[in-house]
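What follows is the residue order along each chain.
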Amino acid sequence: MSQIAANKPAPDITGMQEADWQARLDKIASDPRMNEDNTTISAASVRKAAMLMLIIGAVGILVTLIGAVSINFRHALGAFEVGVFTALAISLGSLFWILVFHSLNASWPITLRRQFENIASTIWVPVIMIVIVALIEVTQGGVLLTWLDRSGGYNHLLDVKAPYLNAPFFMVRILIYAMIWIGISHILLKWSRKSDETGDRTLGRKARFLSGAGIPLFALSTAFASFDFLMSLDYRFFSTMWGVYYFASCGLASLSAVAIVATLLRKAGKLDGLVTEEHFHDLGKLIFAFVVFWAYISFSQYFLIWYSNIPEETMWYISRQQHGWQWLFVTMTIGHFALPFLLLIWRKTKRTTMLLCGMGIYLLVMVVLDMVWIIRPMVYLNTTATDPGLAGIWLDIAGVVGVLGIFGGVVALKIPKSPLLPLKDPMLHECLHHKNYV
Amino acid sequence: MDMKSIMNDAKSQGSIYFPMFFPKPAPKFVSESGNAVYGIVAEFSETPKVFRAAKKVRDAGYSKWDVHTPFPIHDMEEAMGIKTTKLPLMAGGAAIVGVGIAILLQWGTTDWLYPTLVQGKPFDAWQPFVPIMFELGILLTAFMCIFGMLALNGLPRFHHPLFSHERFYRVGNDRFFIAIEAIDPNFDPIKTKKLLEEAGGTDITLIEDVD
Chain A
2 MSQIAANKPA PDITGMQEAD WQARLDKIAS DPRMNEDNTT ISAASVRKAA MLMLIIGAVG
62 ILVTLIGAVS INFRHALGAF EVGVFTALAI SLGSLFWILV FHSLNASWPI TLRRQFENIA
122 STIWVPVIMI VIVALIEVTQ GGVLLTWLDR SGGYNHLLDV KAPYLNAPFF MVRILIYAMI
182 WIGISHILLK WSRKSDETGD RTLGRKARFL SGAGIPLFAL STAFASFDFL MSLDYRFFST
242 MWGVYYFASC GLASLSAVAI VATLLRKAGK LDGLVTEEHF HDLGKLIFAF VVFWAYISFS
302 QYFLIWYSNI PEETMWYISR QQHGWQWLFV TMTIGHFALP FLLLIWRKTK RTTMLLCGMG
362 IYLLVMVVLD MVWIIRPMVY LNTTATDPGL AGIWLDIAGV VGVLGIFGGV VALKIPKSPL
422 LPLKDPMLHE CLHHKNYV
Chain B
-14 MDMKSIMNDA KSQGSIYFPM FFPKPAPKFV SESGNAVYGI VAEFSETPKV FRAAKKVRDA
46 GYSKWDVHTP FPIHDMEEAM GIKTTKLPLM AGGAAIVGVG IAILLQWGTT DWLYPTLVQG
106 KPFDAWQPFV PIMFELGILL TAFMCIFGML ALNGLPRFHH PLFSHERFYR VGNDRFFIAI
166 EAIDPNFDPI KTKKLLEEAG GTDITLIEDV D
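Protein sequence lines correspond, in order, to chains A and B.
Residues in the first sequence are numbered from 2 upward in steps of one, following our numbering.
Residues in the second sequence are numbered from -14 upward in steps of one, following our numbering.
These aren't lab readings, by the way, just hints derived from the structure by calculation.
Please read these numbers as outputs of a predicted model, since none were measured by experiment.
Treat the hints with care, as some may be off.
Said to hold, decoys possible - Calculated pairs, DSSO-like style, for lysine-lysine (alpha carbon to alpha carbon, straight line, at most 27 Å):
| no. | chain 1 | residue 1 | chain 2 | residue 2 |
| --- | --- | --- | --- | --- |
| 1 | A | 436 | A | 28 |
| 2 | B | 179 | B | 41 |
| 3 | B | 9 | B | 40 |
| 4 | A | 415 | A | 349 |
| 5 | B | 68 | A | 286 |
| 6 | A | 436 | B | -4 |
| 7 | B | -4 | A | 349 |
| 8 | B | 34 | B | -11 |
| 9 | B | 34 | A | 28 |
| 10 | B | 34 | B | 49 |
| 11 | A | 436 | B | 34 |
| 12 | A | 207 | A | 415 |
| 13 | B | 179 | B | 40 |
| 14 | B | 40 | B | 13 |
| 15 | B | 49 | B | -4 |
| 16 | A | 418 | A | 28 |
| 17 | B | -11 | B | 9 |
| 18 | B | 176 | B | 71 |
| 19 | A | 286 | B | 40 |
| 20 | B | 179 | B | -4 |
| 21 | A | 191 | A | 207 |
| 22 | B | 68 | B | 176 |
| 23 | B | 68 | A | 436 |
| 24 | B | 13 | B | 106 |
| 25 | A | 195 | A | 28 |
| 26 | B | -4 | B | 68 |
| 27 | B | 68 | A | 349 |
| 28 | B | 13 | A | 436 |
| 29 | A | 349 | B | 13 |
| 30 | B | 106 | B | -11 |
| 31 | A | 271 | A | 162 |
| 32 | A | 286 | A | 271 |
| 33 | B | 41 | A | 436 |
Hey, can you work out the whole structure from these sequences and the hints?
Right under this line is the structure:
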């Protein structure tokens, strides 16, 4: 016994000997699919697309600013927020998936994980935007967040809710969320990039430890951020399912975005044999699951409120079903659940790269419409201004395209900065032979 | 997949559960002792051997045959040329039937046949119907998954002719077997035996189907 211990050094925290680990790394490095041309993309090849997206984004933001001055300030801010919370959902969902992949030691998504990391660590773009939104709200004394406006005299409900709904605490909370989201996503990206260079196998274990702590932090910060910005658009309304409702959009939007990014990389001739139809199949399964999860959560929220019929809850739905927004209710039921459910249930949809990419684009549009459903009906509620009609629709489109264009451009600039997959991940050898059995 | 082959499948599955209703057809091959022949079984000692042999049997065009192993072997379904199961379509049909029953049951009773006022809600409100539609859809789908699976693979059954082969019991321990059935249109006692011999099988035995 003591002889064996003397011959072999004790394994480190990963339970592996240095020699075994080197043998595994050599085997991965000798794989013909792991050549440098396949695993990296040059900055020059994405610059054109990134610049195009950034220019479209800048034009969109400019049009939104013009709309804020010439049409309606509330409306422009609402359109901007629809885009911001879609972009935030994409990067928050990516952060969630990285945390889940690390903590479950998942091997199949490793070749896709770098794209999740790129999108998650771009979270500073929507975070800066929500800080801008919060500063506008606080300095203007409540534009869409009417609870910031206390000039209306005595309001018992607001007095009771004041310990939570007040401007200083609101700003402090946003700073806490920003620190959690930016901190975790950047540390995980940093470790992932570091393991590419050093091949340090303990980094995976450290990432798993951080993910375990990160999941509750993520859950609380996401839920409370959605309370602060989306649920408190009507300070009288409350729903205990609200955090999960926004999280369902996060999970769906990020998977859709990664399906699009992975398809574009495959079309550029990268990741050949590394991201195969087997990985798309699993991605499609998760997208399908989150389509159903979103429907389950949003129906459960609607169903309980409809059944109990309590005025302070039902008015949230009444203001959306009686003011010209009925079409959106039907569109969401069919377009966000029934149609993608029937399309994604087929094995072929999930395994065909282009079909899944198409579903990703379609579902991102549906997530945008979900945010429109949450935010836009509140803009003209209880105001004397009237909806400008067609000009308002153009303003909505400009706000969403502006934010998503800038977000997409920053993500595109980030992708070539590191290899397209974690080159020396401890579980990569399993991912290279991933297969779905019938 | 034409109507005739579906009927044939249903007949062969039905004869497992209800042998009294399905008179046995005259056997194609009869052994020296006068019993009907079930098929030929060959024994293999290693996983790669049985894997390569399965590919050979597949390429020879057999359809009524099976590989028996002590543990699951990855990619075996490809090596055997097994096609995708019909079960998902059957389960999908069951889901539609379940949702349809739920709609008829609720809308028919509380709105059409005997309008019932519950909590002052409209008669034809669709919202309270959704959980039942969901549950009945799930229930019938789960039933179809379990019972459809059993019907397709012919389980449970009281007896299988392979159990008359003493060496076959090692399939639970350390041996791999390929069994080709006599009802296969390509089955030929001499050619099939030769194929299994060439594929590396040992202890190739003719199995009788004794009632």
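Taking the hints in turn, this is what the structure says about them:
no.: 1; hint: 436(A) to 28(A); in the structure: holds, 19 Å
no.: 2; hint: 179(B) to 41(B); in the structure: holds, 12 Å
no.: 3; hint: 9(B) to 40(B); in the structure: violated, 31 Å
no.: 4; hint: 415(A) to 349(A); in the structure: violated, 31 Å
no.: 5; hint: 68(B) to 286(A); in the structure: holds, 21 Å
no.: 6; hint: 436(A) to -4(B); in the structure: violated, 35 Å
no.: 7; hint: -4(B) to 349(A); in the structure: violated, 31 Å
no.: 8; hint: 34(B) to -11(B); in the structure: violated, 36 Å
no.: 9; hint: 34(B) to 28(A); in the structure: holds, 26 Å
no.: 10; hint: 34(B) to 49(B); in the structure: holds, 20 Å
no.: 11; hint: 436(A) to 34(B); in the structure: holds, 22 Å
no.: 12; hint: 207(A) to 415(A); in the structure: holds, 24 Å
no.: 13; hint: 179(B) to 40(B); in the structure: holds, 15 Å
no.: 14; hint: 40(B) to 13(B); in the structure: holds, 26 Å
no.: 15; hint: 49(B) to -4(B); in the structure: holds, 15 Å
no.: 16; hint: 418(A) to 28(A); in the structure: holds, 25 Å
no.: 17; hint: -11(B) to 9(B); in the structure: holds, 18 Å
no.: 18; hint: 176(B) to 71(B); in the structure: violated, 32 Å
no.: 19; hint: 286(A) to 40(B); in the structure: violated, 31 Å
no.: 20; hint: 179(B) to -4(B); in the structure: violated, 31 Å
no.: 21; hint: 191(A) to 207(A); in the structure: holds, 12 Å
no.: 22; hint: 68(B) to 176(B); in the structure: holds, 25 Å
no.: 23; hint: 68(B) to 436(A); in the structure: holds, 17 Å
no.: 24; hint: 13(B) to 106(B); in the structure: violated, 68 Å
no.: 25; hint: 195(A) to 28(A); in the structure: holds, 20 Å
no.: 26; hint: -4(B) to 68(B); in the structure: holds, 20 Å
no.: 27; hint: 68(B) to 349(A); in the structure: holds, 15 Å
no.: 28; hint: 13(B) to 436(A); in the structure: violated, 41 Å
no.: 29; hint: 349(A) to 13(B); in the structure: violated, 41 Å
no.: 30; hint: 106(B) to -11(B); in the structure: violated, 52 Å
no.: 31; hint: 271(A) to 162(A); in the structure: violated, 53 Å
no.: 32; hint: 286(A) to 271(A); in the structure: holds, 23 Å
no.: 33; hint: 41(B) to 436(A); in the structure: holds, 23 Å
Hint compliance for this structure: hints 3, 4, 6, 7, 8, 18, 19, 20, 24, 28, 29, 30 and 31 are not met, and every other hint is.
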